[in-house]
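Undergrad: Order-wise, the sequence lines are chains A and B.
The numbers in numbering that gives the first Met the number 0 rise by one with no breaks, and the one at position 255 of the first sequence is 254.
The numbers in numbering that gives the first Met the number 0 rise by one with no breaks, and the one at position 71 of the second sequence is 70.
I should point out that these hints are in silico values taken from the structure, not numbers from a laboratory.
None of the values given here were measured: they were computed from a predicted structure.
All C-beta atoms in this analysis are idealised placements derived from N, C-alpha and C, irrespective of residue type, glycine included.
Any given hint might turn out to be false.
Sample of chain B residues at the chain A side, in silico, Cβ under 8 Å [unchecked claim]: (1) Thr35; (2) Leu65; (3) Arg155; (4) Lys210.
Read off the chains here:
There are 2 protein chains.
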Amino acid sequence: MSMPWFVSERPKPEMSTRPISVGCLIYAQMDQIDFTGPFEILSRMPDTAVTVVGKELGPIQDVQGLQLTPDVSIAEVGTFDVLVVPGGYGQQPLMHDEEVLGLIRKQVQAERLLFSVCTGALLCGAAGVLAGRQATTHWSARHLLPHYGAALVDARVVVDGNIISAAGVTAGLDAALALVSLLRGEAAAQEIQLAIEYAPNPIFDSGTPEKAPAEVLQSFQRRYESIGTTREAEAIRYAEKEADPESHQQRKALIS
Amino acid sequence: MSMPWFVSERPKPEMSTRPISVGCLIYAQMDQIDFTGPFEILSRMPDTAVTVVGKELGPIQDVQGLQLTPDVSIAEVGTFDVLVVPGGYGQQPLMHDEEVLGLIRKQVQAERLLFSVCTGALLCGAAGVLAGRQATTHWSARHLLPHYGAALVDARVVVDGNIISAAGVTAGLDAALALVSLLRGEAAAQEIQLAIEYAPNPIFDSGTPEKAPAEVLQSFQRRYESIGTTREAEAIRYAEKEADPESHQQRKALIS
Chain A
0 MSMPWFVSER
10 PKPEMSTRPI
20 SVGCLIYAQM
30 DQIDFTGPFE
40 ILSRMPDTAV
50 TVVGKELGPI
60 QDVQGLQLTP
70 DVSIAEVGTF
80 DVLVVPGGYG
90 QQPLMHDEEV
100 LGLIRKQVQA
110 ERLLFSVCTG
120 ALLCGAAGVL
130 AGRQATTHWS
140 ARHLLPHYGA
150 ALVDARVVVD
160 GNIISAAGVT
170 AGLDAALALV
180 SLLRGEAAAQ
190 EIQLAIEYAP
200 NPIFDSGTPE
210 KAPAEVLQSF
220 QRRYESIGTT
230 REAEAIRYAE
240 KEADPESHQQ
250 RKALIS
Chain B
0 MSMPWFVSER
10 PKPEMSTRPI
20 SVGCLIYAQM
30 DQIDFTGPFE
40 ILSRMPDTAV
50 TVVGKELGPI
60 QDVQGLQLTP
70 DVSIAEVGTF
80 DVLVVPGGYG
90 QQPLMHDEEV
100 LGLIRKQVQA
110 ERLLFSVCTG
120 ALLCGAAGVL
130 AGRQATTHWS
140 ARHLLPHYGA
150 ALVDARVVVD
160 GNIISAAGVT
170 AGLDAALALV
180 SLLRGEAAAQ
190 EIQLAIEYAP
200 NPIFDSGTPE
210 KAPAEVLQSF
220 QRRYESIGTT
230 REAEAIRYAE
240 KEADPESHQQ
250 RKALIS
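Next comes chain A alone, as it looks inside the complex (with noise of 0.2 Å):
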């Protein structure tokens, strides 16, 4: 089993007892539990006030038909002490979405938190700021992050100096709880998992494709191949753009 979390040399984010923002983006097809996890848990981070935003006003259904209704649009927020970003079959799409890519931009250029789950690495990776850092994503994109100048790390979640990134979909939870920990200490997280219950204890050990049944890998692996193969094309899109120094110039005078 890879590491339940990974801190890098960079500073880490530091406790505080000031008021903490957290904003959650949403948009149509994500997959609902990347947000919903770290809503769970942050939500009750003590003095805490948790923000759901959208790209315009209005619900959105995420991948499987959950109405998510945010309470601001994009165009409305600046940045929040955290920014979660999650993932989903619905990240393709906005990878060059110049709104989307901005606000997470604009998060860490201020030099603070971008959370993101599952494939939401990838959005972060294309606003350019995953250059340099080390970060993790959904199993099956991993190695898609060295396209966006990151180095993958093999953990649950990725501490690294303002920018934190967990695994596929429920890695989630993980993250955010590890958060908890960092920004209120490990009591407040403590607190929070016991209300939650959360002591997992799933009946099947299938949830990395190391120790899944090799068939239903192969068959998760036919039904995500479409998806699979858009995301890579995009990845080496970007890293072939990067290689130009003209569009190097551009995007980093952009991010910095």
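Assemble the complex: chain A is given as a structure, and chain B must be docked to it using the hints.
TA: Coordinates of chain B only, in the frame set by chain A:
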């Protein structure tokens, strides 16, 4: 650690290749992940349609302010193959809500599957359907189950015939995975587990009162004392009413 799941002597839910309908009840002040956890897994079950059911149409807010919108109102629905009943603070105001209790009773009368998460089990208890059944609920409410005629089982997931109950909050993920394995087979459940990278690895082991540090448990107990007292008083009222032969006959007539 308690067992991952307990399956009683009653005939357990059967494998099926028929389409499956799942209804998920949502209500104000509920705990959203009691619902979004099972939704994540059950919506990925092969050939399954999930419908989100509210008391009324129109959005509700969970206990931390997350906006959730039902697809239909209770008045519009009958029974489902599976009915998910989540818990949370908002369960208490519904303990005498005949519309909600009626939805739960209809499900059990039709011998279809009832799936409670966390204190959703107390709603099932109030509906009268847990009498003589084995069940579990959030650890802070387990001692209340006998007041509803149920036998408490120390397991994260309890399958007693057509009634499946999950322990607190995040146990809904484990219970949903177990239910998929029963209805669609192990490989289907394992593939969902792989897709959502459900290989949980929290940095602490503080999710049960036995494991949490003493001061964390005490802090939780202070914070939840009020709702705990209210739930206990409600359970005792129920038991006293059931002890009255006339009330008992009335309730029995409702559920048979």
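Undergrad: For every hint, state whether the structure bears it out.
TA: These are the hints, each one checked on the structure:
1. Nearest Cβ of chain A to the Cβ of Thr35 of chain B: about 4 Å, under the 8 Å cut. The hint holds.
2. Hint status for Leu65 of chain B: holds, given a least beta-carbon distance of 6 Å to chain A, under 8 Å.
3. Interface hint status for Arg155 of chain B: upheld, as the beta-carbon distance to the closest one in chain A is roughly 5 Å, under 8 Å.
4. Hint status for Lys210 of chain B: holds, given a least beta-carbon distance of 7 Å to chain A, under 8 Å.
In this structure, none of the earlier numbered hints is contradicted; all agree with it.
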